[in-house]
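Position chain B relative to chain A; hints supplied.
Each chain, written out:
Number of protein chains: 2
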Amino acid sequence: MNVEIITVGTELLVGNILNTNAKYLAEELTNLGFNISKHTTVGDNSANLEIAFKYALSKNDLVILTGGLGPTKDDLTKETIAHSLSKNLIEDEKAKEKTISYFKSTKNEIAKNNFKQSLVIEDSTIFYNDNGTAPGMALKHNNKHILLLPGPPNELMPMFEKDVKIYLSKLKDQIIISKDVYLFGIEESKADQTLSDILPNTNPYIGIYAKTGEIKIRVTAHAPQNSTCETLINNVVDIIKTRLGEFIYGIDIKNMQNALVKTAIKSNQKIAVAESCTGGLIASQIVSISGSSDCFNCGIVCYSNEMKEQILGIKETTLSEFGAVSPQVAKQMAQNVRKISKSDIGISTTGIAGPTGGDSNKPVGLVYVGISTSNHTSVYKLLLSKGQPNERQKIRHISALFAMNEARKAILNNEKGVKTNDTSN
Amino acid sequence: MNVEIITVGTELLVGNILNTNAKYLAEELTNLGFNISKHTTVGDNSANLEIAFKYALSKNDLVILTGGLGPTKDDLTKETIAHSLSKNLIEDEKAKEKTISYFKSTKNEIAKNNFKQSLVIEDSTIFYNDNGTAPGMALKHNNKHILLLPGPPNELMPMFEKDVKIYLSKLKDQIIISKDVYLFGIEESKADQTLSDILPNTNPYIGIYAKTGEIKIRVTAHAPQNSTCETLINNVVDIIKTRLGEFIYGIDIKNMQNALVKTAIKSNQKIAVAESCTGGLIASQIVSISGSSDCFNCGIVCYSNEMKEQILGIKETTLSEFGAVSPQVAKQMAQNVRKISKSDIGISTTGIAGPTGGDSNKPVGLVYVGISTSNHTSVYKLLLSKGQPNERQKIRHISALFAMNEARKAILNNEKGVKTNDTSN
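Listed in order, the protein sequences are those of chains A and B. The numbering used here puts the first residue of the first sequence at 90, with every later residue one more than the last. The numbering used here puts the first residue of the second sequence at 90, with every later residue one more than the last.
Excised from the complex, chain A in its bound form (with noise of 0.2 Å):
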């Protein structure tokens, strides 16, 4: 089935906002196994949203239109889709309803035209928003789908998940279902040659996504039952996890800073953390994963020589002969801020993350993890630059996840009573 995306609003035309509705949706359809054949933004404009969808209606057999369904005169998606297929809009009860009691629960008043908002296309399903008081809805016309969502993204995605992806399913007499697989530490390439000769599957299907030093393996498949495609999913699981199972982070599990929280709750270790050249990132990961206060005891981001003596306690003889970016410093600096706060792991980095600082002996993209546990210690050497220009981010950004990484690890290995490998050099 082929579809386009149409993503309506003047905000989008003139650039003060990112398309992120038009990346949510290609992604979510694509993984639905729809094949999407473009995308199209049109501002808040009658005439050309009815050319662009009169047009795309002709060549696809599903437009998903998003935005331009809220109360203003702006707003005017579903009036203009209506009048391009000659239907009427009519009043609809339930989504009546749901605006006054959504108004009544935060406490503002309803403003007159939040009532154009229970109209809706006649024949239509409609999709009733928890989230807003915009109803989504999806009509049949010749043989062809039509698709109306909110463009609020907090609107759309909870009604994509919740009905919407329901509904396409039902398109298509299938159960659709994924598993995202989260790899740290290769590179998107070798993973793609890996699993080469399965990446051309298209049920289950499996799509390669990179982010900044880390990747997202998703397995998707569709079958009639749940059971079939559990099946079919479990089946490229495992082959994943037997080529790449050394990279795997985990499995449905968002993010690294979620793996190790997890992990780290799960055995019930606590965390501290000591940070120079990442500076709060770590922390500030973990903090951000609700529930990190059951693992997280603290973090300290000592940038000065002299903080890292006084907070830290690193010897001032460490630092005078060894610097900052050391493995000796980055031992103390995990051993140290363990002890100090009572934790079961300790991790810290320190490194030069650019763009001066550098020198031929130390060079920009040099940084040492230390993971400290009560058995031991380790330190790992990481260059990190690749001569570009702004890697700064990227060089902190690789450092935590690495850390992170290690930690989690490491958690996993004092649950066991396994001693790690001293890789300090």
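Don't take each hint at face value.
Any copy, or any two copies together, can satisfy a pair, since identical chains are not distinguished.
[Stated by the list, open to error] Result set (DSS-like, lysine-lysine): computed pairs, CA atoms no more than 27 Å apart in a straight line: (1) Lys143 with Lys351; (2) Lys359 with Lys254; (3) Lys193 with Lys279; (4) Lys279 with Lys205; (5) Lys183 with Lys475; (6) Lys251 with Lys470; (7) Lys259 with Lys483; (8) Lys162 with Lys475; (9) Lys475 with Lys251; (10) Lys279 with Lys162; (11) Lys279 with Lys498; (12) Lys233 with Lys143; (13) Lys229 with Lys251; (14) Lys162 with Lys300; (15) Lys229 with Lys305; (16) Lys205 with Lys351.
Hints listed in this document are in silico derivations from the structure and should not be mistaken for laboratory results.
Chain B only, in chain A's frame:
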């Protein structure tokens, strides 16, 4: 002049990556005074691209394409456009030299297909690429203009800044200059209302761009001379300063952390941060600024009461009497982190970021921010929840912005010897 932006790439079409190029170009073109009619995204598919391009060219004066200029067989934008316009591809000597020297600098071998990138459409103006190997091109065809630009944002953006802007300005026979005014603590709708009389202006054009908790007002003027642009812009910036001065934290300053770091370095004051609910976010944002080591002493993330006592020396009696989320604790945190680190400014945050941990007395979204100087310590009470789901990151983000802004003001007052009001409660 009407413009359509066509972004080319299967990774965009299937939602692997966000279309940041469309937003970037749309914002820049709007600021340059062009009228954007539509964005279109197609995959790496020559037939679909040709249809989209011909349609766009028939409806617009200018068509800008990004992506598909690379070395692989999937990259077919210039081949498709050349074919559509019945033009030839010819080898450009300078592009070839650039490719060779680029690969020399990265120490990678040149794969043979990279020389495909030395081919350009005949009769076009070439934009050489300083950050990659694919040159950009501009050509005129039947009084219409066509631009082909590389897809990677780190190649596109510098090329646009350096060459494309000048090229496009010449199409309009005007110089175009912008100034960005950054504001915190004011809603977009309020700024909109306050400036409603000057917002319809087209020269200078005034754009208001909202991000979480802050807004940017971009003032863009066009004129034959630089000095005329400057005068036009300054008149409007003066109006904004008069009406909204209390909310402005900087002009052309990029973001709050940059404003804070620049202010601190300029007045030679050192910063220390003690964070609870923001959990390292403030430290991390400060450290993200290159050169921040000149003003940033240390950050301490104390999530548990025990750590607050042990590392920050918060009195056990204060914690038990008032609780960790209290103005008293915020005050001690800011004072103590400043003293421990011998800094000029101590910043603290303690609050309930949610979604759990709140009650009727101390609800989710309650945050205390402390700012301590040698003269005085202020504590600010914030109520940041709007009762919506998933507010944790927003609450942390706005708390961090607020704290950095107050620290910035305290540095300026410190410099002037001003004693701030005690707003603790």
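Quiz item: So which hints don't hold here, by number, going up?
Solution: Structure breaks hints 1, 2, 6, 7, 15, 16.
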